[in-house]
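Undergrad: Sequence:
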Amino acid sequence: MGIMFIVFGFLAVSVLPYTSAENTDTSITVIEIEWNEPTVISSPGYPSSYYGSNLDLTWVLKAPESHILQIHILDLALETKYDYLYIGYGPGPNEPGSWQLQKLTGYSNSSEPATPGHSMWVRFTTDVSMGDIGFSLRVTPILNPGKIILAIGSAS
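The sequence shown maps to residues -21 to -1, 1 to 135 in mature numbering (1 follows the signal peptide of the UniProt record, and there is no 0).
In short, the hints are calculated from the structure, not lab data. Worth double-checking, as some hints may not be accurate.
Lysine to aspartate or glutamate pairs mimicking EDC-like chemistry, simulated, CA-CA at most 16 Å apart [stated by the list, open to error]:
no., residue 1, residue 2
1, K41, E16
2, K41, E74
3, K41, D4
4, K60, D111
As the structure is a prediction and not an experimental result, all values here were calculated from the model.
Please build the complete structure, drawing on both the sequences and the hints.
TA: Structure (structure tokens):
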């Protein structure tokens, strides 16, 4: 793709090629988590290389219904104000009954939100320019303290 010049009278304007949102790499990954299996989610290339441009990646995590999901941010290194990590509760970021718990950008690793139920989603979006090493987070299903059910039986 070359450079195009548009001439308006004595003014020449250079129109440089750029990557538009039409070339966005999108995917949705569904992960079923067992009660005793913490799961680690990382951005593409983490930690050995920078993530790409125009990403819109979503992970939907589901645990057994008697559990909630605890999230621990292990590492976060995103282009500040241009690349984002969204963490939410429910079946997906654009689904009815879902809502966003956090919107993260920049550099941090001190967040530990928990979902109020057994399903959550993580969405990672990047712009058209430079990236960074990305993110890594651990999701752990834990027994929902509000839904502990005692099995009562008779002893013989």
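Undergrad: A separate judgement is required for each hint: does it hold in the structure or not?
TA: Okay, the hints, checked on the actual structure:
1. K41 - E16: The given pair, whose Cα atoms are some 12 Å apart, holds under the 16 Å limit.
2. K41 - E74: holds (15 Å)
3. K41 - D4: Not OK: K41 and D4 at ~23 Å, beyond 16 Å, violated.
4. K60 - D111: holds (13 Å)
Hint compliance for this structure: hint 3 alone is broken.
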